[in-house]
Structures are given as C-alpha cells and as structure tokens.
Amino acid sequence: MSHRIEYAQPIFQWLRSRRWRSFESASASCRVRAVWALNGRSRIDSFDDDNRPAEPYGYALVSTDAGLGCCYADDFLEAPPDWVGQDVRTLSPERRVWEVALVDALPNADAVAPSRELQLDGPAAVKARWRADLLKDVALSTASRTGAEGPIVVFGAVGAFLESLSQTGRTLFAADLHPAVIGQSWSGITVRSFDEIRPVVRPGSLLVLTGMSISNDTIDEVFALSREHNAPLIVYAQSGASFASDYINLGAECVVAERFPFYTMPGLSKISVYERSSPFKAAAFGVQERA
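Heads up: take any position in the sequence shown, counting from 1, add 14, and you land on my numbering.
If you're looking for bench data, these hints aren't it; they were derived computationally from the structure.
Just to be clear, a hint being listed does not mean it is correct.
Said to hold, decoys possible - Subject to a maximum C-alpha distance of 20 Å in a straight line, what follows is the list of computed DMTMM-like cross-link-like pairs (lysine to aspartate or glutamate):
hint: 1; residue 1: Lys284; residue 2: Glu131
hint: 2; residue 1: Lys150; residue 2: Glu38
hint: 3; residue 1: Lys150; residue 2: Glu163
hint: 4; residue 1: Lys284; residue 2: Glu163
hint: 5; residue 1: Lys284; residue 2: Asp147
hint: 6; residue 1: Lys284; residue 2: Asp135
hint: 7; residue 1: Lys150; residue 2: Asp124
Claimed, not checked - The calculated label-pair distances, taken between Cβ atoms and stated as ranges, are:
hint: 8; residue 1: Val140; residue 2: Arg47; range: 14 to 22 Å
hint: 9; residue 1: Arg159; residue 2: Pro213; range: 24 to 32 Å
hint: 10; residue 1: Val214; residue 2: Phe90; range: 46 to 54 Å
hint: 11; residue 1: Pro95; residue 2: Arg216; range: 15 to 23 Å
hint: 12; residue 1: Asp96; residue 2: Glu210; range: 26 to 34 Å
hint: 13; residue 1: Arg216; residue 2: Ser43; range: 43 to 51 Å
hint: 14; residue 1: Arg159; residue 2: Glu131; range: 15 to 23 Å
hint: 15; residue 1: Pro280; residue 2: Arg47; range: 23 to 31 Å
hint: 16; residue 1: Asp135; residue 2: Val98; range: 29 to 37 Å
hint: 17; residue 1: Ser39; residue 2: Pro137; range: 38 to 46 Å
Keep in mind the model is a prediction, meaning the values are calculated, not measured.
Beta carbons are placed, not taken as given, at the ideal position from N, Cα and C, and that holds for glycine.
Please model the complete structure; the sequences and the hints are all you need to start from.
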C-alpha cells in the first residue's frame, strides 16, 4: 500500500519550517561557514537544433557545520557579502535559489538511508550519459512496480534525459518554463509549455520532475497533478538534494538525488536513489498519513 502525508503549506515553506524546528537546539550547526556563487556556461545537455550560445547558469552554495546546501539558477549569481558567521535561520534572501541553498545546508535529521548509492568518476560527458541511463532504468523499474502504463511526462527538460527516456519505447512528453527551451527538440521530442502538457497527464502516466522546480514553485503543481491523477512521480534532485526523504513522504514514488559537485564538473559524482519500498515513516514528520 502506498501512503502520502497531508500538508497545508506550499512544499518549500513546509520544508523550511521543518528544518528550522529540527535545528532549534543545535544553533552552532546553523552558522554559515562559507558561501559561493559558482557561475558558468554549458552545452553538455544541449538540444538538436540549438545553435545559440551556451546559456548562463549558476550554483548557489552555502556551507554550515551540518552540511552543504546547493541550488541551481538559470542565470549568473553573486555571493552575499555578509552571510558568513550568520545563523541561516535569520537570513532573508530576496531570491528563492539562495533560500533553497540555506535550507539544504541543514540536512533532514529524520532522513533514512537510500535504497541505492552510486558513484562515477570521469569526464562530464560520460557522467551525463551515465546519469541519463540511470534515470531511464529508474523510470522503467518505477513503471513496472506501480503498474504505470501511460506516457512518461517530463517537467523540466534536460536533453540527455529526453534522449535516454525516448529509448524506453513509451510515449514521451516534455515541458519547461524557460522561453529559450520551449520549442527546442531532442530525439524527436519537442519541449512544450506547462499549459500545453498538463492535459496529457492522466491515470497511469509516469511523471518525472527535475530538482530546479523547488526554486521556481512548479513543484507544488506537479505533486498536485500526481495526486489528482494517481500518476507515480519521480523527482531528480540536484537543487535541494537533502530533501529526498521529504519528497518520498510527500508522495513521490522515487527520488534520485545528486549532490554537489555535479556531473558537469570533473571528479567523483555521487547519486542516491530513494524509493517508496524503503521503510520511510511519515509519523516522524508530525503529520497525518493517508492511504
């Protein structure tokens, strides 16, 4: 039997309030030790007909004694000048990406071990293919476990993900919010707007959501679509990777969490897979469980 917990707040607000409460007696762990804004450009996950210059992106990074928080942005960032030494719970950044990084820097005290942990060292292009193939395997196993026989619907288009998922033999749709991505194609899959894609979600669909959704507020809508249509949801989380257990308890069927440094950078990449078949306990969250 699958269980989901009820929540009255938007998901990010719920996550933040839980983290703040769980660290009430550990204020020393909440101080910012370092903050970085890592900016760059990449074509690793480009699209078939994308001849534009590589788009800018940034990573908001916050380090505390408890952990390292990270959130992706689709533009360049600037590191706040006066955060080091401050308690993360007292900071009020204007941008959501920094809010996510702050909360992610305080790991979930109730988190359980993932069902699988994987790591790979190699060039970025090799790691991009590796994680895309991993997502394809996770999608197929989730569909088999849940009986989802409908289309795969991806929210947050990543070129390598679409190429790999197009090899499953399933009908595939993709949506994105970024104007530069909408209308682009990969392996014959044209990326549509969210408004165009919502109507294709139906019972038996398999939903795939990328982690940037936590910073642009689409996460609530996609979780709601999953609940409304009883469509299993897979979350791929780079931004807010420490939220994996929370996503499972909120109703995701599977979460693939990739921690910084990500596949786009040289060195070892680590990915953890969480599935609802693992013994997550909604009671630990102080909310009611619903069958």
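- Hint by hint, which ones does the structure fall short of? 2, 4, 7, 8, 10, 11 and 12
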